[in-house]
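Q: One letter stands for each residue in the lines below.
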Amino acid sequence: MKDIDFKNIAPVELFKLLYKFSKPLKKWVKNNSGTDADAEDVLQDAMIVFYQLINKPDFTLSSKPETLLYSIGRKIWYNQLRKNKQIPLDTLNEEWLFAEEDSTEYEREYQFVQMEKSLVLLGKKCADLLEFFYFKKMSMLAIASALDFRNEKVAKAMKYKCLEKARIIIHTKNQEL
Amino acid sequence: MMTDNELAEAYAAKTLGGEERKDIEKRMENDPPFAQLVREYENTLEVLKRKWLRSNIEVAKKELWVRKLIKIGIVVIAVSTLLFIATYQLLKPKHHEPSVIETTTIPKVSAESPVELKDTLIGADSIKFVPFIRNNAIVDYPDLIDEVLKNTKAATGRQMQFKIDTFSTLPSNNWMENTYQVFEIDPKIDNEIKCKNGTLINLPANAMALTNGEAPKGKVTLSVQEYSDYAEMFKHNITTTSDSKLLETGGSCFIKAEANGDSIIIKKNQTYTISFPSEKDERMKTFMGERDSNGNLNWVLDQQVVKRIPVKIIPLVTVPYVKRVVGEDCNCKKERYYFQTIVSDEGFYNLKTDDYTRNVLSTSKKVVSMFDTFKGIKSSEIKVLYKLKSKLRLRFGVDSAGNLTRFDYNFRVDRKTEKAIKEAADFVVANHQVDLNTKGAKNVIISVDLVPALEILNTPSEEKIQAIDSAAPIEEQNKVQKNNMNIIVARSFGYINCDFFSTQSDLTKLEVEIPSSNTDVKVFFKDFKAVAKCVNSGNVATFFNAPASAAILVVGTVVKNNQLMMALKVAKVGEPIEIINFEPFDLNKITAFLTAKP
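As given, the protein sequences belong to chains W and H, one line each in that order.
Each residue of the first sequence is one higher than the one before, starting from 1 at the first, in the numbering used here.
Each residue of the second sequence is one higher than the one before, starting from 1001 at the first, in the numbering used here.
Incorrect hints may have been included.
With a straight-line Cα cutoff of 20 Å, these simulated DMTMM-like cross-link-like pairs (lysine to aspartate or glutamate) come out [stated by the list, open to error]:
hint, chain 1, residue 1, chain 2, residue 2
1, W, Lys20, W, Glu66
2, W, Lys159, H, Glu1006
3, W, Lys159, H, Glu1042
4, W, Lys125, W, Glu152
5, W, Lys20, W, Asp5
6, H, Lys1062, W, Glu13
7, W, Lys173, H, Glu1042
8, H, Lys1049, W, Asp41
9, W, Lys125, H, Glu1058
10, W, Lys159, H, Glu1040
11, H, Lys1049, W, Glu131
12, H, Lys1014, W, Glu131
13, W, Lys165, H, Glu1046
14, W, Lys117, H, Glu1040
15, W, Lys161, H, Glu1006
16, H, Lys1061, W, Asp38
17, H, Lys1061, W, Glu40
18, H, Lys1062, W, Asp36
19, H, Lys1061, W, Asp41
20, H, Lys1061, W, Glu66
21, W, Lys159, H, Asp1004
22, W, Lys137, W, Asp148
23, H, Lys1569, H, Glu1511
Think of the hints as simulated: they come from the structure by calculation, not from any bench.
Could you build all of it, start to finish, from the sequences and the hints given here?
A: Right, here's the structure in full:
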């Protein structure tokens, strides 16, 4: 496992690896008032944080990836429990208090999850277009071909419109949170 | 010049260079609305990225599931295979290998008093015991006689041992022939398959389908076994009985069809013909064979094929032109008449014409008369023409007096068809003479060349045969003999028999004495073609519906002391028949026995 360069691994491959370490985290979530669906959600959120963390330029993976994933997941779930006020104060332990220290970061994480959910309003074609452009780094010509736009100019115009639409949706949601 | 939105998006997407980024950051410090715009873009791209990452997670999850399923599949297959092998091993019949000499012990045998030995089973083989053994008793089994008589006296008041023959049914017929004649055909076209021993299978175009009803893609492989004589019938365990009633056969075969490993069937309401090279008999009908678990064949009359259709009728839409051929001595003008031939299901045809032609016909009795002559032409010939995609061309000439001077028809064919005609081995050319009673041309003898490119399936009329005989070379005459085949119509593949319920009178019981009920006894009738398998009871093999005094060939086979044995006998129904002297099985000897001419 040490030989794997987590920074340069393709996201799908990274997530496949992380799924192999998912059992302890899922089990822990389920032992702490979470359902199967909660456990899966927390795992996925933790994976995303893991990905972003290891792709920070100044980040070096010092612990085992499973430990990091577990740790991230626990914090996410703690944050969510607190948000839902499911943990009575008298049950808080040292671990919980430790988790409180950087809860701001996970609070932001929670907000992103909510904003992500609002993206459903964007529509599939727009979401695909933005994904192709920003993350798959496809050319406008290729995007036009893949999404059946008349030409790259149309694709470019659509990209602008979709981005604006996404911005407005997310901004609106952000205001609500 | 970029707008603020474009700048903010470029900054958020990190597509700007270091200097530009610094400029924007400086502006953000002094321009809060712009800073807010940049944050909005950053949030947007961050959320979009998360969405993209989540879709990657879903892909990863899916791939892991597929991998997991494949692993489970492999495990399931492996376990199933192991279970199958284990079950098979458990259920597999244990092969019993009896020793050549089994021994048994009879306690205190008295030479004077009868000793009763009960039937016993050793392993899977039944053992033949003589129920009572007396001093000097006649024992039917030579191997036993010596042993028993030699030991009887000495055995008084003692225990004795003697040899017992074991009999069992035939093994899995490993001596039987299971080879096929294989033909590859295009199911989309008419096919005539000529088998090695002369059986002809005529499969119309598009008559076959896969079991799900779809048309087969590509070629179809037809596997055929012909049971043309007694030797072949014996080799393939073919009998000719229908619920114990004797059938007289004109030929039988087995046909199976496959396309890329999938079974092929004949479509519902479709038929095909099989022509067997045997003396034509109008009584022949189509029987389909079914084998039971013991391999016994029973034939069932296919009631639905009652009408014997000698040839497949294809509506002929070819439009032959009738042209007046103007000879030098003819003053008539050139004209072209239009006719359409239509072949009806009954095999007759008529001609349709357009108004102009009809008008000509109505005013010209000569032409009408000529059409009358067409009534003698069989539809099969028309079919042949059609099959070769040729056009029938009629020619006739009228002399200056208006008399008919010439009438013939020939083919107008394309090069490919012409080549096919030339290469066709069964190309028949014969003259046909017709007397025409036409106005002004009484008793004119007209020569007509009949040129079927494939053999004529229908029996030609007597006069036509004579005409053909007189004109055709010997080789061609042999072809014509084929017209005397028995043609049946079949609706499916499998075991197919062309036969009829035997009309032989004075039926009686045929009994053959045998050494063991495990003996397989087949009776081949010499004076007519029929084969029956006897039913065994104890030491007697019986066939209940044998014509009295019929000459027969009896073939018995049995496994005795683990060795395949045979007995051959020429006999007559009604005579006492026994087959006792068995010798080692020899297929060549059986073949010679069954095919020997009197």
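Q: So, for every hint listed, does it hold in this structure?
A: Evaluated hints:
At most 20 Å may separate the alpha-carbon atoms for a hinted pair to count; lysine 20 (chain W) and glutamate 66 (chain W) meet this at roughly 9 Å. This hinted pair checks out: lysine 159 (chain W) and glutamate 1006 (chain H) have alpha carbons roughly 12 Å apart, not beyond 20 Å. Between lysine 159 (chain W) and glutamate 1042 (chain H), the direct Cα distance comes to roughly 16 Å. Compliance with the 20 Å bound is thereby established for this hinted pair. For the proposed pair lysine 125 (chain W) and glutamate 152 (chain W), the alpha carbon gap of about 15 Å is at most 20 Å, so the pair holds.
Distance restraint check for lysine 20 (chain W) and aspartate 5 (chain W): the Cα-Cα separation of roughly 17 Å lies within the 20 Å cut-off, and the hinted pair is therefore satisfied. Of the supplied pair hints, the one linking lysine 1062 (chain H) and glutamate 13 (chain W) holds, its CA atoms being roughly 12 Å apart against a limit of 20 Å. Pair hint lysine 173 (chain W) plus glutamate 1042 (chain H) holds up; C-alpha atoms about 14 Å apart against a cutoff of 20 Å. At roughly 17 Å between alpha-carbon atoms, lysine 1049 (chain H) and aspartate 41 (chain W) fall within 20 Å of each other, so this suggested pair holds.
Pair hint lysine 125 (chain W) plus glutamate 1058 (chain H) holds up; C-alpha atoms about 19 Å apart against a cutoff of 20 Å. About 17 Å separates the Cα atoms of lysine 159 (chain W) and glutamate 1040 (chain H), which keeps this hinted pair within 20 Å; it holds. About 8 Å separates the Cα atoms of lysine 1049 (chain H) and glutamate 131 (chain W), which keeps this hinted pair within 20 Å; it holds. For the hint linking lysine 1014 (chain H) to glutamate 131 (chain W), the alpha-carbon distance of about 16 Å falls within 20 Å, and the restraint holds.
Straight-line distance between C-alpha atoms of lysine 165 (chain W) and glutamate 1046 (chain H) comes to about 15 Å, which keeps the hinted pair within the 20 Å bound. Restraint check: the Cα-Cα separation between lysine 117 (chain W) and glutamate 1040 (chain H) comes to about 17 Å, which is no more than 20 Å; the hinted pair holds. Distance hint between lysine 161 (chain W) and glutamate 1006 (chain H) is fulfilled; the C-alpha atoms sit about 12 Å from each other, no more than 20 Å. Among the hinted pairs, lysine 1061 (chain H) with aspartate 38 (chain W) is consistent with the structure: their alpha-carbon atoms are about 16 Å apart, no more than 20 Å.
Between lysine 1061 (chain H) and glutamate 40 (chain W) the alpha-carbon distance is near 11 Å, which keeps this suggested pair within the 20 Å criterion. Straight-line distance between C-alpha atoms of lysine 1062 (chain H) and aspartate 36 (chain W) comes to about 17 Å, which keeps the hinted pair within the 20 Å bound. Of the pairs offered as hints, the one joining lysine 1061 (chain H) and aspartate 41 (chain W) holds, with about 13 Å between alpha carbons and a cut-off of 20 Å not exceeded. At most 20 Å may separate the alpha-carbon atoms for a hinted pair to count; lysine 1061 (chain H) and glutamate 66 (chain W) meet this at roughly 17 Å.
Distance check on the hinted pair: lysine 159 (chain W) and aspartate 1004 (chain H) sit about 17 Å apart at the alpha-carbon level, within 20 Å; holds. Between lysine 137 (chain W) and aspartate 148 (chain W) the CA atoms are separated by roughly 18 Å; this keeps the pair inside 20 Å, and the hint holds. Taken as a hint, the lysine 1569 (chain H) and glutamate 1511 (chain H) pair is honoured in the structure, with Cα atoms around 13 Å apart against an allowance of 20 Å.
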